[in-house]
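J.: The primary structure of each chain is shown beneath.
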Amino acid sequence: MKNTNKYKAKKGIVEAIKLLFFLVITLIVFLPILVTIFAAFKTQFQIGSEFPLKPPTQFFWDNFKFVFEKGNVFTGLKNSLILVTVSVVINAILSTMIAYILSRFDFKLKKMYYLIFLMGMLVPGFVTEIARFGIISKVGIYDTLLAPIVIYIGTDLMQIYIYMQFMNQIPLSIDESAMIDGASYFTIYRKVIFPMVVPATATLGILKAVEVMNDMYIPYLYMPSEGKRTLTTMLMSFASQRSGAWPQLSAAVIIVMIPTVTLYIIFQKYIFDGIVAGAVKE
Amino acid sequence: MFDNRNRQKNIIIVSFLIIPTILLALFVIYPLFKLFYLSFTDWDGMSKTIGFVGTNNYIDVFKDNDVWVSLRNNGIYFVIHLMFIPIEMFIAFLLDDKVRFSKTFKGIVFLPYIINGVAVAYMFSFLYSSQGGVLNEILALFGANPVKWISSEETVNFSLSAVSIWRFCGIHIILFLAGIQSISKEMLEAARVDGASSFKVFSKIVIPNIRTVIEIILFLNVRGALMIFDIPFVMTSGGPGTSSTTFTLYTIQQAFKYSHFGKASAMAVVLLVMIVILSTIQKKIISEKR
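Protein sequences, first through last, are from chains A and B.
Residues in the first sequence are numbered from 1 upward in steps of one, following the working numbering.
Residues in the second sequence are numbered from 1001 upward in steps of one, following the working numbering.
These are computed hints drawn from the structure, not numbers from a lab.
One or more hints might be untrue.
[What the hints assert, rightly or not] If you want the ones that stay clear, here's a sample from chain A, every Cβ over 12 Å from chain B, calculated: (1) Thr85; (2) Gln165; (3) Pro171; (4) Met196; (5) Lys228.
[Claimed, not checked] Not the full set, but computed from the structure, chain B residues with beta-carbon under 8 Å of chain A: (6) Leu1024; (7) Ile1085; (8) Arg1192; (9) Ala1255.
Every residue gets a Cβ at the ideal spot worked out from N, C-alpha and C, and that includes glycine.
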């Protein structure tokens, strides 16, 4: 009896230490974000004179107003949303199509196809960017939204690979019974296989959305003109004109953070599932 | 009936693969070959005539002092991230236990990874700034002298690595956690019943059972450290001088700032080779320990 009490006490202490430890981590995660939020509501004078961890005494919205007036926020948001929607949808369709073929059929060039595939997965996109740049301008889509879109959807071998892993787990007997019922291969893909990978599609789609939303160097390289800014490149150009103006820059940073953080808060569970699926199934 | 099926099969294979294959060929395969080709030329990115210069670009890359400086900087990111791996593993181990709020903590730890990288870079620029920057103000509270976090050659790479740690630790922790959660609960219970301490459980059961995850994270670490780009690009653009240039940043600068596409291509090829070699070595080391 005494022993269990002691055990409980010890367990309580361990748990308290753990909580404290987590609290410190939480603080480290939130400190930069918190300071930025504080700064966004202060004036330039307050930034120079007040202790940065002091919360703003009154909410000074002018910084946000300034960013909206001068920062092309709506153009950036519009472009980012177009990129995200188009690339997530088309990517899901094309990736599941390839994955369906590779997980279900045998054909002459399959081995070679697969080999090229694995090789492509090993090569980081960045490496080929220099050569890709010439192709994009030759095809005539430089400085259009199409340039990042074709790159986002054409090069994501990882997603195809994960879809394949999911489809490999679906027993072939399901296809066969659909086939006996007279379904064509296309019907099987559309009515049987695709619906079964919808959960994976949700997960991978959200990951893709976050990636596209936050990407910097593809829009930076391929869409230099002002009307083609995404939220990310809009932030960069705004910052380059306002260096040292921390309150306004902080407001811009927060505006840019909001879409993905909102996505994250709503779809947290799916994001974790996607990361885990990508890793454990490799 | 059978013939019909076969024809249908061919039709679906061709029609489903045609668009993705064209995209892959155009934006993954062809650029790769083009890259090798360009690395032997003096192309400036614009001109129609491309001069063949043999291995000159590669020799140039090896002789370029700034390349070595940038590689050393990548090395700093690599080593610092490597040092954090045991800590990340330990945090994941703690999160796995049914601690109160562990789900919330999981969400918090992962948050930085979701935030826009450029936004993160500016956030930390403010933290490190010399005018009203948070870190120096906190130091001042204790009467310490201000530090030139990102404007001095000695500290800049460590300051930038800290940002990278802040941003990427979360994903490692989540991956480790996934590995730990795939270990059967019975095995862990059995060890505990036999009186093994938490440390023993961690070192004798958890670590050996998450080898694959460790392998993946080491691979991500090699790749990530070699490819680190947006943090130095936004925060210091490689400066002061070239003290925080990374290999990828220097490559991009060579191509798009100085129009040395040939040399930049050679650097990209070198990067690819380095990633392949380092990953292979790491894989060898890990599988030998098994």
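J.: Hint by hint, note whether the structure agrees.
T.: Against the structure, the hints:
1. Thr85: At roughly 18 Å from the nearest Cβ of chain B, Thr85(A) sits farther out than 12 Å, so the non-interface label holds.
2. Gln165: About 14 Å separates Gln165(A) from the closest Cβ of chain B, which puts it past 12 Å; holds.
3. Pro171: Pro171(A) clear of chain B: closest Cβ-Cβ about 19 Å, beyond 12 Å.
4. Met196: Correct as stated: the minimum Cβ-Cβ distance to chain B is 17 Å, above 12 Å.
5. Lys228: holds (16 Å)
6. Leu1024: holds (6 Å)
7. Ile1085: violated (15 Å)
8. Arg1192: Check failed: Cβ of Arg1192(B) comes no nearer than 12 Å to chain A, outside 8 Å.
9. Ala1255: Since chain A brings a Cβ to about 5 Å from Ala1255(B), closer than 8 Å, the hint holds.
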